[in-house]
Amino acid sequence: MIPRALAIWVLLLVLANVVGAAKVLFVIPRLGEYAGHLIGTIVFCPVIFAVTWGSIRWMNPKGSRDALLIGFFWVLLTEAFEFLAGHYLFGNSWERLLSAYNVAEGQVWILVLLTCLLSPIAAATLRGRGRNRWP
40 MIPRALAIWV LLLVLANVVG AAKVLFVIPR LGEYAGHLIG TIVFCPVIFA
90 VTWGSIRWMN PKGSRDALLI GFFWVLLTEA FEFLAGHYLF GNSWERLLSA
140 YNVAEGQVWI LVLLTCLLSP IAAATLRGRG RNRWP
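Heads up, the sequence shown is in this note's numbering, so the first residue is 40 and it goes up one at a time.
It should be emphasised that the hints constitute simulated quantities derived from the structure, not laboratory data.
One or more hints might be untrue.
For each label pair, taking beta carbons as the anchor points, the in silico distance ranges come out as [stated by the list, open to error]:
hint, residue 1, residue 2, range
1, M40, G71, 39 to 49 Å
2, L70, S103, 17 to 27 Å
3, Y127, P42, 36 to 46 Å
4, L165, Y127, 36 to 46 Å
5, I81, A124, 20 to 30 Å
6, R166, A143, 12 to 22 Å
7, L64, Y127, 24 to 34 Å
8, E134, N99, 34 to 44 Å
9, R96, R135, 14 to 24 Å
10, T164, L128, 34 to 44 Å
Nothing here was measured: the structure is a model prediction, and the numbers come from that model.
Note that beta-carbon positions come from the ideal geometry of N, C-alpha and C, so glycine has one too.
With the hints as constraints, model all of the structure from the sequences given.
Pasting the structure below:
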């Protein structure tokens, strides 16, 4: 299950970059940085769920616990990538990286993490994989 969840996370990483590139090319020049942040998040969260919906049976969680484990795994991978690659590969300061979590200033990045966490359990439950057996 974990190798398959990792493969899906890599796909999500690629899709995040596609959404991010579209945001930078089309949204930010027209509407500004903050609108780009909001629109990028609003677009990417359903993408996460759609990919999860389409792949949950292939990832094959045996029950709700496994589905939740996938969600935690994705959040861990995402956070590791955001902070390690964000700082060491892309040169962002720790302050800039942490500012993405400031909900009081209108940052909505946390919605991506919540979607990563909850999509596997939601998709598994809705598709009948949240129980301890196939329906």
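Okay, the hints, checked on the actual structure:
no.: 1; hint: M40 / G71: 39 to 49 Å; verdict: holds, 41 Å
no.: 2; hint: L70 / S103: 17 to 27 Å; verdict: violated, 40 Å
no.: 3; hint: Y127 / P42: 36 to 46 Å; verdict: violated, 25 Å
no.: 4; hint: L165 / Y127: 36 to 46 Å; verdict: holds, 38 Å
no.: 5; hint: I81 / A124: 20 to 30 Å; verdict: holds, 23 Å
no.: 6; hint: R166 / A143: 12 to 22 Å; verdict: violated, 36 Å
no.: 7; hint: L64 / Y127: 24 to 34 Å; verdict: holds, 26 Å
no.: 8; hint: E134 / N99: 34 to 44 Å; verdict: holds, 41 Å
no.: 9; hint: R96 / R135: 14 to 24 Å; verdict: violated, 39 Å
no.: 10; hint: T164 / L128: 34 to 44 Å; verdict: holds, 36 Å
Violated hints for the displayed structure, listed by number in ascending order: 2, 3, 6, 9.
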